[in-house]
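Colleague: As a plain string of letters, each chain reads:
Protein chains: 2
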Amino acid sequence: MNPRIPRTALQLRSLIRRSGELEISLVEVEVPDPAADEVLVRIEATPINPSDLGLLFGAADMDAAKVSGSAERPIVTAQVPEKSMRSMAGRVDQSMPVGNEGAGVVVRAGSSVAAQALLGKTVAMIGGAMYAQYRCIKAEQCLVLPEDATPSDGASCFVNPLTALGMVETMRREGHSALVHTAAASNLGQMLNRICLQDNVGLVNIVRKQAQCDLLTSQGAKYVCNTESPGFMAELTEALAATGATIAFDAIGGGRLPGQILTCMEAALSRNAQEYSRYGSTTHKQVYLYGMLDTSPTEIVRNFGFSWGMGGWLLFTFLGKIGPAAAQKLRERVAKELKTTFASSYSNEISLAGALQLAAIAVYGKRATGAKYLIKPHQ
Amino acid sequence: MNPRIPRTALQLRSLIRRSGELEISLVEVEVPDPAADEVLVRIEATPINPSDLGLLFGAADMDAAKVSGSAERPIVTAQVPEKSMRSMAGRVDQSMPVGNEGAGVVVRAGSSVAAQALLGKTVAMIGGAMYAQYRCIKAEQCLVLPEDATPSDGASCFVNPLTALGMVETMRREGHSALVHTAAASNLGQMLNRICLQDNVGLVNIVRKQAQCDLLTSQGAKYVCNTESPGFMAELTEALAATGATIAFDAIGGGRLPGQILTCMEAALSRNAQEYSRYGSTTHKQVYLYGMLDTSPTEIVRNFGFSWGMGGWLLFTFLGKIGPAAAQKLRERVAKELKTTFASSYSNEISLAGALQLAAIAVYGKRATGAKYLIKPHQ
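Heads up: the sequence lines are chains A and B, in that order.
Residue 274 in the working numbering is what sits at position 274 of the first sequence, and the numbering runs on without skipping anything.
Residue 348 in the working numbering is what sits at position 348 of the second sequence, and the numbering runs on without skipping anything.
Treat the hints as calculated values from the structure; they're not laboratory data.
Predicted model, so just to flag it, every value in this text is computed and none were measured.
Check before you lean on any hint, since a few could be wrong.
No copy labels: a pair is met if it fits in one copy or bridges any two.
Cross-link-like lysine to any residue pairs, in silico, SDA-like; alpha carbons within 25 angstroms at most [what the hints assert, rightly or not]:
| id | residue 1 | residue 2 |
| --- | --- | --- |
| 1 | Lys222 | Ala89 |
| 2 | Lys222 | Gln260 |
| 3 | Lys376 | Ile5 |
| 4 | Lys376 | Glu30 |
| 5 | Lys366 | Asn303 |
| 6 | Lys321 | Arg278 |
| 7 | Lys83 | Pro297 |
| 8 | Lys83 | Arg18 |
| 9 | Lys321 | Arg172 |
| 10 | Lys138 | Glu30 |
| 11 | Lys222 | Ser296 |
| 12 | Lys83 | Lys329 |
| 13 | Lys83 | Phe232 |
| 14 | Lys366 | Asp33 |
| 15 | Lys321 | Asn303 |
| 16 | Lys66 | Glu82 |
| 17 | Lys376 | Ser84 |
| 18 | Lys336 | Asp294 |
| 19 | Lys83 | Ala241 |
| 20 | Lys366 | Val29 |
| 21 | Lys366 | Arg278 |
| 22 | Lys83 | Arg271 |
| 23 | Lys321 | Gly175 |
| 24 | Lys321 | Thr170 |
| 25 | Lys222 | Val29 |
| 26 | Lys321 | Glu174 |
| 27 | Lys366 | Tyr279 |
Okay, chain A solo, but in the shape it has when bound:
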């Protein structure tokens, strides 16, 4: 027994009551004893990804959030609009742990050989409930980090790296040869750019600020289109024609951009059309919405024929589809290139209590590129 492991420790919880009230708080939970095939990990670093915010905030209006409680134990409350409560039905009155991924040190191990082998190792994990000081998890779910990697280096080694690799893999499996990415200056977007440069895959980056264009260009990106440019549609069409990209991954979800990408793909394709088809080009054009940076409705102006698709894309569904062997290959690449291709950077490090401050929520809740927070649960 490690004497420094307490009997109880902090865990962040999100609760939406039937009344529509959201309450986010820190609760004292028992530190579990690992079963034979499990290990106990002292979590040292866990990122706030856009994909965590759905569970953390639900559909609550965070602009009107309030904080009460003490500095060590803040309680954030906010209200879910009544019209959004239907989509919250599945979680009402359940106190939910949060946090998709994290990294830390194995401080206690079950009796199995696999678990014992991890004792003292720095590992990365995915599986929820990572916004906590300790996490008990199956040994097989841990990814051992390279010797020289810290928990901060490995905290984001599942969601973003596997999503970026999954996009390129999906592109290949669905018969496309180049791809489009939006919100492309994000940590994920920078990774995707590095993967595409390395694998020689055409990538059209879409961003909304000149500084983001400059950042990606400085990292070797060949095609970067700025939605704020007056010539955006023409520039995007040009880049699509040059790369031949007919699949896009959109992090934003809301607004007109997903449809505009299809419009420009069609315009690029019809440049080479031999004769007019009233149904548009026969090349299938696909946009996957993998994020919800903008939760407003998606508006599609359908001027791109009938050979198109739009749909949700989810890392876990993708990993299930390709099977464990193919997924393991992707994970091994991530571990190998953790400090290069898959390096993440954070704008701020905060404690668990710090994550419940309105000033912090106002920043990381915006899901803005360049504002990525890392929680250090023992600070």
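Place chain B on chain A using the hints.
Modeller: Structure of chain B alone, referenced to chain A:
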């Protein structure tokens, strides 16, 4: 040589000039001599399908259309708004023949055995340029109608029947067990209802008027939801839960309905959910937009998780995907059940010149259920 066949005959043409002017007129074209493997068909009946209107009108504003010329040779003109000219680029300054399908009598045949065998037969055809008095076509593209069928009986025996059968076939091939259809009181919708009753497939019909509910119910439809009902969303959810439908075919395209169908599918699925998933149910929900009754933007409120898809659906793409043998099976079923399952009805019969009258355009151009026109080119 049949002495009654003229040297030239009328053909309807649609032209969009670079200036954006649409001109629809009747032109005198030479009646061609069939090649060895071709036949010449005197077209007796050809329907105006919603799928014809895209080519006929382009993106022109038909509310402001004008007619000039004589009663026998009217010329319709209208203007394509400048913002829509990009999607017309492929057809600019080309005089296009129109009309997807039709039926008539083979009046002249090429030297091949297959062509000669058709002489005097009543046949149905698909392939464009049917808004004309004569059509030369490959013998193998003709479907011989049953002895007791008139050209009017067979005029609509491709687009609607194969589309309706294609929907059920797509449902099966993509792993769904029941389906949703919108604008469901149309000729196509009534066919689909008869197919589903016969094949014992669950069908949720969506209409927008009580009279359409009554019509479908009188034809044995079990689930009919009216978008004008104040309880529409709840009623649709109920019907989706009862049938288990997770795929929809939408004729409308614009507005909120395609997204609402996904929302209600998700609500029906989450009734049986064991535990909350922040990403929504894992059952794939699909909406295919196969029509353009409403050309306004599609607005999707994404409150149905990540397991969803939306996309275009096109009969010709579908037929290509299933291959000639499977397509032939579908065609044989249509011929066999032409006067029962696949019977069409028309609100009006008009001549070629009659199709170019503003009063007629105002009706059939609305793509409204129950207002289906049949052109009789020799009237």
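Colleague: Indicate, hint by hint, whether the structure satisfies it.
Modeller: Taking the hints in turn, this is what the structure says about them:
1. Lys222 with Ala89: neither (45 angstroms within a copy, 29 angstroms between copies)
2. Lys222 with Gln260: Answer is within: at 21 angstroms inside a copy they meet the 25 angstroms cutoff, but 39 angstroms across does not.
3. Lys376 with Ile5: Within one copy only: 17 angstroms inside a chain, 88 angstroms across chains, cut-off 25 angstroms.
4. Lys376 with Glu30: Only inside one copy: Lys376 and Glu30 sit 19 angstroms apart there, 82 angstroms across copies, limit 25 angstroms.
5. Lys366 with Asn303: between (32 angstroms within a copy, 19 angstroms between copies)
6. Lys321 with Arg278: between (35 angstroms within a copy, 19 angstroms between copies)
7. Lys83 with Pro297: both (14 angstroms within a copy, 23 angstroms between copies)
8. Lys83 with Arg18: Cα proximity of Lys83 and Arg18: one copy only (13 angstroms, versus 48 angstroms across).
9. Lys321 with Arg172: both (14 angstroms within a copy, 20 angstroms between copies)
10. Lys138 with Glu30: within (18 angstroms within a copy, 79 angstroms between copies)
11. Lys222 with Ser296: The answer is neither: 31 angstroms in one copy and 35 angstroms across copies each exceed 25 angstroms.
12. Lys83 with Lys329: This pair counts as neither: shortest intra-copy Cα distance 43 angstroms, inter-copy 48 angstroms.
13. Lys83 with Phe232: between (35 angstroms within a copy, 16 angstroms between copies)
14. Lys366 with Asp33: Answer is neither; intra-copy 37 angstroms and inter-copy 69 angstroms both fail.
15. Lys321 with Asn303: The answer is between: 23 angstroms across copies meets 25 angstroms, while 32 angstroms in one copy does not.
16. Lys66 with Glu82: within (18 angstroms within a copy, 50 angstroms between copies)
17. Lys376 with Ser84: This pair counts as neither: shortest intra-copy Cα distance 32 angstroms, inter-copy 53 angstroms.
18. Lys336 with Asp294: neither (34 angstroms within a copy, 52 angstroms between copies)
19. Lys83 with Ala241: Between copies only: 21 angstroms across chains, 42 angstroms inside a chain, cut-off 25 angstroms.
20. Lys366 with Val29: neither (30 angstroms within a copy, 64 angstroms between copies)
21. Lys366 with Arg278: Between copies, since 19 angstroms is at most 25 angstroms while 42 angstroms is not.
22. Lys83 with Arg271: Between. Shortest inter-copy distance 18 angstroms satisfies the 25 angstroms Cα cut-off; intra-copy 45 angstroms does not.
23. Lys321 with Gly175: Classified as both; 16 angstroms inside a copy, 15 angstroms across copies.
24. Lys321 with Thr170: Classified as both: same-chain Cα gap 10 angstroms, cross-chain 21 angstroms, threshold 25 angstroms.
25. Lys222 with Val29: neither (50 angstroms within a copy, 52 angstroms between copies)
26. Lys321 with Glu174: Result: close both inside a copy and across copies, 13 angstroms intra and 15 angstroms inter.
27. Lys366 with Tyr279: Close across copies (20 angstroms), not inside one copy (40 angstroms); limit 25 angstroms.
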